[in-house]
Each structure stands twice: as C-alpha cells, then as structure tokens.
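Asks: What follows is the residue order along each chain.
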Amino acid sequence: MNSLKLLECIGNIDEAYIAELEKAVSAPACPVRKSPYKIASWLCAAAACLLCAFIGTHFLPAEEGIEKNGETTVTETASPLTPSESDISQLPGVNGVPVTPGTPDVSDTSVTASPLTSAVPDILEHPVAIEVPVTPETPATSVIPAIPVTTAISETSEKPKTPPEPYHIPEGGGGDEMSAFNDPVQFILLGIDGALCGDRDVDGWFKAKREANPIPDDLSGHANLYSFIHDFDIPREEAEAAMEYYINSDDPQLRFSTEIFDLIYSENTAELGRLYANAHTIAKGEKLYTPRWLYYHTPEEWTAAGITPDDVESRLHLYENIPFAPEGREYFGELISEFLGRQVILDDPYADWVERDVPVVEAVPEDIAEDVSDEIVEEIEETDIYP
Amino acid sequence: MEDSGIIELFFARSEQAITVLAEKYGKFCFKIAMNILSDREDSEECVNDTYFRVWNAVPPDKPAALGGYVGRITRNLAVSLYRTKHRQKRGGGEYALAVDELEQVIGGSGRTDKEAEERELTAAVNAFLAGREKNERIIFLMRYFALCPIDEIAGQTGQSTGKVKYSLKKTRRDLKRFLEKEELI
Numbered sequence: 001m002n003s004l005k006l007l008e009c010i011g012n013i014d015e016a017y018i019a020e021l022e023k024a025v026s027a028p029a030c031p032v033r034k035s036p037y038k039i040a041s042w043l044c045a046a047a048a049c050l051l052c053a054f055i056g057t058h059f060l061p062a063e064e065g066i067e068k069n070g071e072t073t074v075t076e077t078a079s080p081l082t083p084s085e086s087d088i089s090q091l092p093g094v095n096g097v098p099v100t101p102g103t104p105d106v107s108d109t110s111v112t113a114s115p116l117t118s119a120v121p122d123i124l125e126h127p128v129a130i131e132v133p134v135t136p137e138t139p140a141t142s143v144i145p146a147i148p149v150t151t152a153i154s155e156t157s158e159k160p161k162t163p164p165e166p167y168h169i170p171e172g173g174g175g176d177e178m179s180a181f182n183d184p185v186q187f188i189l190l191g192i193d194g195a196l197c198g199d200r201d202v203d204g205w206f207k208a209k210r211e212a213n214p215i216p217d218d219l220s221g222h223a224n225l226y227s228f229i230h231d232f233d234i235p236r237e238e239a240e241a242a243m244e245y246y247i248n249s250d251d252p253q254l255r256f257s258t259e260i261f262d263l264i265y266s267e268n269t270a271e272l273g274r275l276y277a278n279a280h281t282i283a284k285g286e287k288l289y290t291p292r293w294l295y296y297h298t299p300e301e302w303t304a305a306g307i308t309p310d311d312v313e314s315r316l317h318l319y320e321n322i323p324f325a326p327e328g329r330e331y332f333g334e335l336i337s338e339f340l341g342r343q344v345i346l347d348d349p350y351a352d353w354v355e356r357d358v359p360v361v362e363a364v365p366e367d368i369a370e371d372v373s374d375e376i377v378e379e380i381e382e383t384d385i386y387p
Numbered sequence: 001m002e003d004s005g006i007i008e009l010f011f012a013r014s015e016q017a018i019t020v021l022a023e024k025y026g027k028f029c030f031k032i033a034m035n036i037l038s039d040r041e042d043s044e045e046c047v048n049d050t051y052f053r054v055w056n057a058v059p060p061d062k063p064a065a066l067g068g069y070v071g072r073i074t075r076n077l078a079v080s081l082y083r084t085k086h087r088q089k090r091g092g093g094e095y096a097l098a099v100d101e102l103e104q105v106i107g108g109s110g111r112t113d114k115e116a117e118e119r120e121l122t123a124a125v126n127a128f129l130a131g132r133e134k135n136e137r138i139i140f141l142m143r144y145f146a147l148c149p150i151d152e153i154a155g156q157t158g159q160s161t162g163k164v165k166y167s168l169k170k171t172r173r174d175l176k177r178f179l180e181k182e183e184l185i
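So the protein sequences, as listed, match chains F and Z. All residue numbers for the first sequence refer to the numbering used here, where the first residue is 1 and numbers rise by one. All residue numbers for the second sequence refer to the numbering used here, where the first residue is 1 and numbers rise by one.
A portion of the hints provided could be inaccurate.
Claimed, not checked - Far from chain Z, by Cβ distances over 12 Å, these chain F residues were calculated: (1) Ser3; (2) Glu8; (3) Gly11; (4) Asn12; (5) Glu22; (6) Val25; (7) Arg210; (8) Pro235; (9) Leu335.
Unchecked claim - Listed next, with one range per pair, are the computed distances between beta-carbon atoms: (10) F:Arg342 - Z:Asn126: 21 to 27 Å; (11) F:Pro309 - Z:Phe11: 21 to 27 Å; (12) Z:Glu118 - F:Gly198: 51 to 57 Å; (13) F:His317 - Z:Arg53: 30 to 36 Å; (14) Z:Arg177 - F:Ala16: 31 to 37 Å; (15) F:Ala305 - Z:Glu2: 34 to 40 Å; (16) F:Tyr265 - Z:Ala64: 53 to 59 Å; (17) F:Ala16 - Z:Lys181: 31 to 37 Å; (18) Z:Trp55 - F:Glu240: 17 to 23 Å.
Calculated directly from the structure, the hints in this document are not laboratory data. Cβ coordinates follow ideal geometry from the N, Cα and C atoms, glycine included.
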C-alpha cells in the first residue's frame with residue numbers, strides 16, 4: 001500500500017461527503033472574518049505607531065535644532081545626520097553658550113528650553129498616553145508578558161508560585177492560536193463583523209473590556225458578539241441587517257440562526273453559554289470557565305465554582321492540544337494533578353513533530369527528512385504556529 | 001433544478017438531463033479534473049466522459065447524492081487519465097503534491113490483496129471522516145479529493161493559508177493514527 005493507493009481510496013469515499021464538498025466548493029468564497037483579538041491587536045499596533053510618530057514630530061528636535069524662546073537647543077538634538085563643524089560652531093548653544101565641536105558640554109544638564117526634557121515629565125505623569133498595547137488577551141508582541149493577575153485574584157488565590165507565561169506567540173502571530181485557551185465561546189459568537197462595528201469605538205471597547213476583567217468568567221465580561229451588542233445597545237433589526245450574510249449560511253462555522261438572536265436579545269446567557277460554549281470551556285449556569293480561567297485560579301477555586309473532576313477529566317485531551325509553552329503546559333498539568341488527586345502530564349502532541357525553538361527544517365530528523373518532500377517542509381514552515 | 005428532477009430526466013432518457021447536469025455540476029467536475037490534470041483540454045474531455053458515464057449508468061443507478069456521484073466519476077476518470085499520461089514518471093500538478101503529502105500518512109506496506117485492501121481502506125477512510133468536524137472534513141476533501149491548491153482552499157473557506165495547512169497537517173496525523181489503530185498500515 002502506498003500514498004497513491006490512499007489517494008485513490010479517498011476518491012471512492014461516501015458520496016454524501018463528496019456532495020458536502022461540492023456545496024462547499026460551489027458556494028461563494030467566504031470573506032475572512034477577523035478575530036476580535038486580531039483586530040484589536042492591529043488597532044493597538046496602529047495606535048502605537050501613531051503615538052511614536054506624534055512624539056517624534058512634536059517632541060524630538062529636528063536636524064537644525066528647535067528654536068524655543070529664541071534659543072536653539074543642540075545638546076538634545078536627535079538628528080541622525082552629522083552637522084559639519086562650521087555648522088555647529090555657528091550655533092549659539094544652550095543658554096547662549098557656544099558649542100565646540102567634539103567637546104560637548106555635558107555638565108550643564110539644567111536645560112530648560114528643550115522640548116524633549118519638558119515633554120518627559122508630561123509623559124511620565126500620563127503613562128496611559130504611551131501605554132504599550134499589550135494585555136494578556138491581546139498579544140501584540142512576540143512574548144506574552146507575565147500576567148498581572150495576582151492582584152485580580154489575590155484575595156482568593158493561594159497558589160504557591162506565580163503562574164508562568166502560558167504561551168508564546170510567534171513573531172507576527174495574532175494570538176488566534178490560543179483561542180482555545182482564552183475564548184469561552186464558539187467561533188460563531190466570537191467574531192464581530194465589520195458591518196456591525198460601523199463607526200463604533202471598537203478599539204476602546206476591547207481595551208475597556210480587557211482592563212475591566214482580564215480573566216472573565218461570563219459572556220458579559222468577555223469580548224464577544226453578545227457583549228458587543230449589549231454594551232453598544234444595538235437594536236435587533238440593526239444587528240440582523242448587519243449579519244444578513246451569515247444568517248442561515250450553509251457553513252456551520254458562520255451560520256447564524258434567528259434562535260441565536262433570540263437568545264442574545266432575551267439575555268438568556270445561561271442557555272447561550274450551554275449551547276455555544278466551546279468544547280474547552282466548562283459551562284456552569286451563566287459562568288463559563290475557560291482553560292485561561294482555570295490556569296489563573298487554584299484547584300480550590302475550581303471546586304468552589306462547582307467544577308467537578310469529571311468536567312476536567314473529560315477535557316484533558318483538549319487541554320493537551322492547546323499550544324502551551326513548555327513551562328505553561330507543566331504548570332497547568334500540576335494544577336490539574338492537584339485537582340484530580342493523581343499525576344497528570346499534559347503530553348505535547350506536537351513535541352515529536354517540531355522541537356520548540358528549533359527551526360522546523362532542522363527539527364526534522366535526517367532519516368525522516370529524506371521522505372518528506374520539500375513541499376511539505378515548506379508548508380510546515382509557512383504554517384509558523386510553533387514558537 | 002433539484003437532483004431528483006435531474007435524475008427523473010435521466011430515467012426518461014431526455015437529453016435535457018445532460019444540459020441540466022452540466023449547468024449544475026459542470027463547474028465542480030471541471031475544477032476537480034483541472035486540479036488533477038492541469039490541462040484544460042484533458043479536463044473538458046474528462047467532464048464530457050463523466051456525462052457519458054452518468055448517461056449510461058442512470059438508470060439503473062439512482063444516486064442519492066448526485067453531486068457526489070458525478071464528482072466521484074470525474075475524479076476517478078481524471079486520475080485514470082493522469083496515470084495514463086504520466087505512466088513513466090510522476091509529474092507536477094496538485095495530484096503529485098497530494099501523493100507526496102499522503103506519503104507521510106501511509107508510508108509503504110507489503111500487502112498484496114489489492115481489492116480487499118482497497119475496500120478496507122476506503123471503509124476506514126469513511127469511518128475516519130465521519131468522526132471529523134465538518135469544516136475539517138471539507139478542508140481535507142478539498143485538498144485530497146478535489147485536489148484544490150492550499151490558497152484556493154483558504155480563499156474558499158475564509159481562513160488563512162496557515163490555518164488550512166495546520167488543519168491538513170492535524171487531519172493527516174490523526175488519519176495516520178486511525179489507520180494504525182485499524183492495522184491497515
């Protein structure tokens with residue numbers, strides 16, 4: 001038997017599957033729905049760029065120096081160009097003291113006219129203005145920083161150590177890879193279509209949502225379609241009109257039914273959670289306990305929330321598939337072991353495929369590499385889901 | 001027109017049946033053939049052969065899923081034509097790439113009872129597909145049944161190429177495990 005035989009056997013599969021395929025192939029191409037986290041990280045990145053540009057243009061002196069109150073500052077000049085000695089010698093210097101090329105006067109640091117120095121206190125006093133748009137739920141950099149959740153859960157948490165970073169996001173990654181860890185609901189309630197966003201301040205909404213509750217345990221606290229509609233008080237007619245494309249779509253991942261709108265607008269979050277919580281999430285009434293929630297709470301808190309060993313045991317195979325960082329995987333395994341009262345090791349299903357921190361091609365053993373076509377190696381490389 | 005109506009036309013031996021069949025499933029069949037053969041003329045010939053086969057087979061056949069029925073005929077005809085044309089050496093095109101990819105799953109084996117092996121393997125693949133999420137199944141079949149290029153699958157499903165590749169990789173890995181468990185490889 002060889003791969004050719006397998007490919008031919010796939011040609012003889014059940015006609016029902018081929019008919020299913022025919023519908024998918026014949027349907028109009030789906031527009032790519034952006035994850036709210038990806039949209040938010042883009043917006044944050046754009047905001048950071050604008051801020052840098054703003055600081056650069058308003059606070060950093062230009063090549064010729066900035067005149068303020070009739071004086072030109074040179075010692076704070078941030079120009080990448082090197083002025084000639086004659087240019088420099090002609091400058092009046094700080095507070096009227098001539099500047100000698102090659103001997104900068106560093107003793108006088110009490111420059112009051114510098115727009116940069118005057119800007120610094122402002123920036124320091126308003127740290128929000130230069131806040132790096134990185135939060136636990138919107139990884140805009142390559143590494144998720146240690147989550148500052150100890151204060152959020154410190155009252156009840158008795159964990160002996162600080163949780164390690166649960167995961168790393170590869171350079172250029174948007175965080176979708178960890179949706180199973182972070183998001184409580186299925187894709188259908190996760191994406192917010194551009195037509196529904198309209199002119200609303202979606203960026204601000206995401207930010208407020210994340211800051212208010214970095215580890216949400218219900219639909220209202222998490223950024224999703226339900227909370228978006230309710231927070232912006234969007235009328236049902238408007239929502240239905242905006243989501244028209246998805247209503248009764250053939251694609252189950254995109255399909256919206258009127259029943260979903262019924263549940264959203266009846267505010268029946270318990271039923272909404274029961275029906276649309278993703279497989280990784282433990283739904284208990286109105287509460288939705290994601291792997292993220294579990295990760296940042298103690299086993300005692302799990303029990304207090306009504307989570308049973310069966311709830312966790314039945315999801316172990318799903319938790320294993322989350323692309324944790326090694327230390328995060330180990331830590332989560334320890335929590336689960338403590339909760340279940342037995343040793344649980346969350347195997348890394350990808351460990352034998354790609355060794356972390358090693359370029360993909362190098363990670364493939366030589367004897368296997370010979371059997372793997374360049375095309376496949378290329379595909380794995382391009383996938384780029386492993387840190 | 002509904003599939004049942006088209007089948008009725010075939011049963012009535014109306015030549016309009018071919019026209020309607022071509023209108024409804026022609027593009028699908030052509031896409032499959034073109035993905036395998038990478039040749040417009042050969043693909044058109046393959047699709048026309050499909051209509052001819054359907055005309056001869058219906059009746060007595062009464063396919064439950066007409067789209068699947070014609071798709072399968074087209075694919076098998078295209079594969080057959082491909083093999084005829086590339087008897088000496090595997091050439092380019094999506095078919096060759098798909099064969100290479102599936103090499104990971106199945107490797108080599110010394111079994112020789114061909115027909116029984118094929119039946120078993122097809123049944124196993126059916127059972128495997130039954131247990132997959134619809135979205136994963138469609139991506140897998142777009143790649144390995146219809147031989148669609150990755151970027152086309154991504155465009156059609158509204159997902160990034162990275163996600164499509166990841167999905168395919170995961171499904172291949174699971175298929176391998178499944179076939180090993182069934183002792184087919």
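Asks: Which of the listed hints are broken here?
Replies: 1, 2, 3, 4, 5, 6, 10, 11, 13, 14, 15, 16, 17, 18
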